[in-house]
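Visitor: Sequence lines, in order, name chains P and B. With the first letter of the first sequence counted as 1, position 198 gets the number 198 in the numbering used here; the numbers rise by one all the way through. With the first letter of the second sequence counted as 1, position 227 gets the number 227 in the numbering used here; the numbers rise by one all the way through.
A couple of the hints might just be wrong.
The list makes no distinction among identical chains, and a pair is therefore deemed to hold if it is satisfied within one copy or across any two copies.
[As the list claims (entries may be wrong)] As a list, the in silico SDA-like pairs of lysine to any residue whose alpha-carbon atoms are at most 20 Å apart:
{"id": "1", "residue 1": "K53", "residue 2": "E348"}
{"id": "2", "residue 1": "K53", "residue 2": "V350"}
{"id": "3", "residue 1": "K228", "residue 2": "D262"}
{"id": "4", "residue 1": "K228", "residue 2": "R259"}
{"id": "5", "residue 1": "K228", "residue 2": "E8"}
Hints listed in this document are in silico derivations from the structure and should not be mistaken for laboratory results.
Number of protein chains: 2
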Amino acid sequence: MSFAELWESLLPIGRDPGTGGYRRFSWTAADAECRAWFIRAASERGLPVTPDKNGNLWAWWDTQATSPNAPPTSSAPPTSSAPPTSSANREILGYFGAGGAIAVGSHLDSVPDGGAFDGPLGVVSAFAAIDLLRERGFVPARPIVVAAFSEEEGARFGVACLGSRLLTGAMRPDAARELRDDSGITLAEAMAAAGHDPGLLGEDDELLSRLAVFVELHVEQGRALVDKDAAIGIAAGIWPHGRWRLDFTGKPDHAGTARLADRHDPMLPYAVAVLAARRVASDYGTRATFGKVLAEPGAANAVGSVVRAWLDARAPDEEALQRTVATIRSEVELVCAEHGVTFRLRRESVTPVVEFDAGLRDQMAAVLAARGIKAPVLPTQAGHDAGILAARLPTAMIFVRNPTGVSHAPDEHAESSDCEAGVAALAAILEDLASS
Amino acid sequence: MSFAELWESLLPIGRDPGTGGYRRFSWTAADAECRAWFIRAASERGLPVTPDKNGNLWAWWDTQATSPNAPPTSSAPPTSSAPPTSSANREILGYFGAGGAIAVGSHLDSVPDGGAFDGPLGVVSAFAAIDLLRERGFVPARPIVVAAFSEEEGARFGVACLGSRLLTGAMRPDAARELRDDSGITLAEAMAAAGHDPGLLGEDDELLSRLAVFVELHVEQGRALVDKDAAIGIAAGIWPHGRWRLDFTGKPDHAGTARLADRHDPMLPYAVAVLAARRVASDYGTRATFGKVLAEPGAANAVGSVVRAWLDARAPDEEALQRTVATIRSEVELVCAEHGVTFRLRRESVTPVVEFDAGLRDQMAAVLAARGIKAPVLPTQAGHDAGILAARLPTAMIFVRNPTGVSHAPDEHAESSDCEAGVAALAAILEDLASS
Chain P
1 MSFAELWESL
11 LPIGRDPGTG
21 GYRRFSWTAA
31 DAECRAWFIR
41 AASERGLPVT
51 PDKNGNLWAW
61 WDTQATSPNA
71 PPTSSAPPTS
81 SAPPTSSANR
91 EILGYFGAGG
101 AIAVGSHLDS
111 VPDGGAFDGP
121 LGVVSAFAAI
131 DLLRERGFVP
141 ARPIVVAAFS
151 EEEGARFGVA
161 CLGSRLLTGA
171 MRPDAARELR
181 DDSGITLAEA
191 MAAAGHDPGL
201 LGEDDELLSR
211 LAVFVELHVE
221 QGRALVDKDA
231 AIGIAAGIWP
241 HGRWRLDFTG
251 KPDHAGTARL
261 ADRHDPMLPY
271 AVAVLAARRV
281 ASDYGTRATF
291 GKVLAEPGAA
301 NAVGSVVRAW
311 LDARAPDEEA
321 LQRTVATIRS
331 EVELVCAEHG
341 VTFRLRRESV
351 TPVVEFDAGL
361 RDQMAAVLAA
371 RGIKAPVLPT
381 QAGHDAGILA
391 ARLPTAMIFV
401 RNPTGVSHAP
411 DEHAESSDCE
421 AGVAALAAIL
431 EDLASS
Chain B
1 MSFAELWESL
11 LPIGRDPGTG
21 GYRRFSWTAA
31 DAECRAWFIR
41 AASERGLPVT
51 PDKNGNLWAW
61 WDTQATSPNA
71 PPTSSAPPTS
81 SAPPTSSANR
91 EILGYFGAGG
101 AIAVGSHLDS
111 VPDGGAFDGP
121 LGVVSAFAAI
131 DLLRERGFVP
141 ARPIVVAAFS
151 EEEGARFGVA
161 CLGSRLLTGA
171 MRPDAARELR
181 DDSGITLAEA
191 MAAAGHDPGL
201 LGEDDELLSR
211 LAVFVELHVE
221 QGRALVDKDA
231 AIGIAAGIWP
241 HGRWRLDFTG
251 KPDHAGTARL
261 ADRHDPMLPY
271 AVAVLAARRV
281 ASDYGTRATF
291 GKVLAEPGAA
301 NAVGSVVRAW
311 LDARAPDEEA
321 LQRTVATIRS
331 EVELVCAEHG
341 VTFRLRRESV
351 TPVVEFDAGL
361 RDQMAAVLAA
371 RGIKAPVLPT
381 QAGHDAGILA
391 ARLPTAMIFV
401 RNPTGVSHAP
411 DEHAESSDCE
421 AGVAALAAIL
431 EDLASS
């Protein structure tokens with residue numbers, strides 16, 4: 001099955017016919033279809049799938065595994081076109097231990113009305129890279145495992161990278177089980193309804209001990225590769241970033257009869273927060289965004305009782321991130337006091353700065369350079385499972401050029417030729433990493 | 001059945017157990033229960049109910065009607081404690097013709113998380129006033145009819161006083177049928193699903209020709225009666241007011257990777273609109289409120305694509321109302337241009353200034369004064385069906401004191417003794433108006 005066929009087979013799942021965007025939220029019907037697609041793709045390649053305790057999926061190409069679709073591999077010599085990179089330095093550099101699996105993949109869930117590429121491109125490319133390696137007759141000396149992480153976007157339960165946070169112990173299972181979606185359903189209820197035991201949630205050292213490295217391929221969420229005229233790039237690190245929930249509690253009243261001076265309107269300090277976020281981000285060279293707001297009770301002819309809003313903030317370093325949120329907070333607190341509105345700010349998730357493993361990054365750069373593949377090194381402002389996993393094992397990312405630069409929206413795009421370049425690069429890297 | 005029993009029987013319908021507020025939206029299950037309650041209350045009093053073409057309910061106490069619960073009225077003399085008011089002036093003053101019915105009532109629907117009194121108090125008081133008149137052995141010389149108007153709040157389909165607007169021809173039936181609720185269901189679909197033919201919608205001159213006047217009793221939505229130390233008041237007029245929908249269309253993007261300068265974030269001009277509304281209302285002595293906002297797609301980690309918001313504006317006169325909206329609009333247009341956000345403002349409903357019928361108001365004031373009932377005359381900023389019907393027949397309103405002044409919220413309240421005073425006043429007025 002070609003990359004294009006595999007890609008096309010995933011494309012209709014969870015797509016909103018109105019917007020053309022995706023609504024693949026965890027533990028919904030669309031999510032179940034994505035999981036079934038993953039199991040089918042793995043099964044067509046003879047890769048057994050094991051869901052982990054946290055709802056992430058793993059498709060294993062074990063060193064003993066047979067492939068129904070690939071040519072017999074025992075007798076075929078490697079046909080890699082580039083000189084084999086020395087992998088002797090690995091143990092010396094110490095960036096991964098002997099025998100562990102090479103994990104590769106991304107996620108299948110989406111933001112509301114998200115694009116087709118954010119997440120799925122990494123999973124499809126992983127399967128396609130395995131196909132390419134098998135066509136070449138490559139026999140891995142270590143297992144290669146394709147991962148699809150659960151709730152990476154946090155679109156349903158509010159915590160980004162939830163699956164990898166639980167796996168690595170960055171999120172407590174008790175707190176996770178109690179997370180609620182917008183209709184009040186807990187993660188525990190949603191998982192149970194989807195047939196997954198929420199009692200299993202939690203850190204999984206056994207699984208982590210079987211992994212040597214994790215490489216995530218992802219569509220670029222900006223235009224740096226366009227500017228650099230390169231189809232692919234390698235990630236340097238991830239800006240520290242987080243999500244804060246702001247609750248403004250006022251007093252519901254009649255929009256006509258309540259005098260302005262008697263009002264406790266929670267919409268007013270919310271509006272101040274939106275404008276403060278933009279100004280502060282501009283002043284500090286950071287990012288601060290309000291994309292989600294819920295007004296209660298939400299009547300056009302009533303002063304609201306509560307406004308709930310979510311602040312997404314990101315910065316080049318952690319001091320700038322904290323300063324961004326603190327400045328917005330103090331400005332909002334002043335206005336809330338003025339209007340008699342109760343204000344509460346809660347941190348929902350924060351991811352510290354991530355510098356991807358330098359040894360692994362250099363190794364990947366060397367592999368690609370040896371094949372003549374241009375792959376500049378870039379920072380990113382977006383969180384990823386590779387960033388969470390970096391706390392427990394060497395991780396790396398490959399970006400694929402996005403001509404629009406747009407992400408988390410239907411315009412998100414990557415040209416087929418660039419996707420193929422991504423698969424070729426990933427295959428080269430897997431071949432190198434799994435060769436001994 | 002006492003006022004209290006009648007009131008208690010309505011109280012549980014459509015109440016949200018979490019907030020204690022009401023969610024009686026038109027053509028929903030809660031609305032059907034309210035309608036069933038109305039039919040039961042009427043039937044217990046031997047008042048036949050006729051729904052009109054627009055979904056409003058009418059319970060008729062015809063001059064020939066018998067009452068199963070009241071004592072025989074043919075032999076009992078009127079027991080009214082006040083001297084009968086001369087009604088000879090009516091025809092001379094010309095404020096209503098001979099023989100037409102005295103309509104009385106209000107509505108049963110609510111805003112989201114509304115209070116128990118806004119609407120229902122007028123309907124319950126109308127039935128209770130009839131009970132009081134029958135206990136006294138009053139025999140009406142004209143029909144008295146209790147009305148419950150449909151979708152007064154506009155909470156589901158966005159147009160306030162929809163039932164009375166359709167009845168009087170202030171709203172075109174074609175446009176009404178196409179109104180949609182937040183989940184995209186049209187009024188026509190919702191009515192049909194509730195067993196009401198939407199093809200019947202439209203102006204109803206035959207019904208209007210049978211009505212002489214309409215008197216609406218309503219909980220006060222402010223604290224003027226508290227300040228004046230009076231249990232009830234009479235309405236002078238209604239401020240002109242309306243509802244405008246603002247659509248801000250930007251460009252969805254990633255909250256981390258999209259540079260601030262590249263964004264077209266619709267949340268920013270929305271925030272400017274919220275703050276402008278408050279400032280302009282304060283400057284002009286008007287009211288301007290945003291209580292409802294919907295952000296699409298509503299992801300915490302994405303710059304939004306569209307923000308839809310509703311502006312409620314009210315003013316002492318129409319020039320001030322137009323000036324309020326125009327000033328907000330021009331300020332918002334500037335900011336939208338700056339951010340590359342498309343802006344559209346649409347008028348959803350506007351109700352011109354209403355001065356209630358002076359003859360009817362003076363007559364009511366004389367009736368109450370003759371009985372020693374204090375009833376100051378007050379303006380109001382709230383729209384009512386009595387304001388819409390004023391275009392077609394003499395209308396009037398009685399307000400009942402609200403100790404909190406809060407309305408459109410669970411804290412909305414009226415003391416039992418004030419409610420009883422409202423019923424007594426309404427009975428005195430009906431007795432006077434229906435006596436010849």
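Visitor: Which of the stated hints cannot be reconciled with the structure, identified by number in ascending sequence?
Guide: Hints 1, 2 and 5 are the ones this structure does not satisfy, whereas the remaining hints hold.
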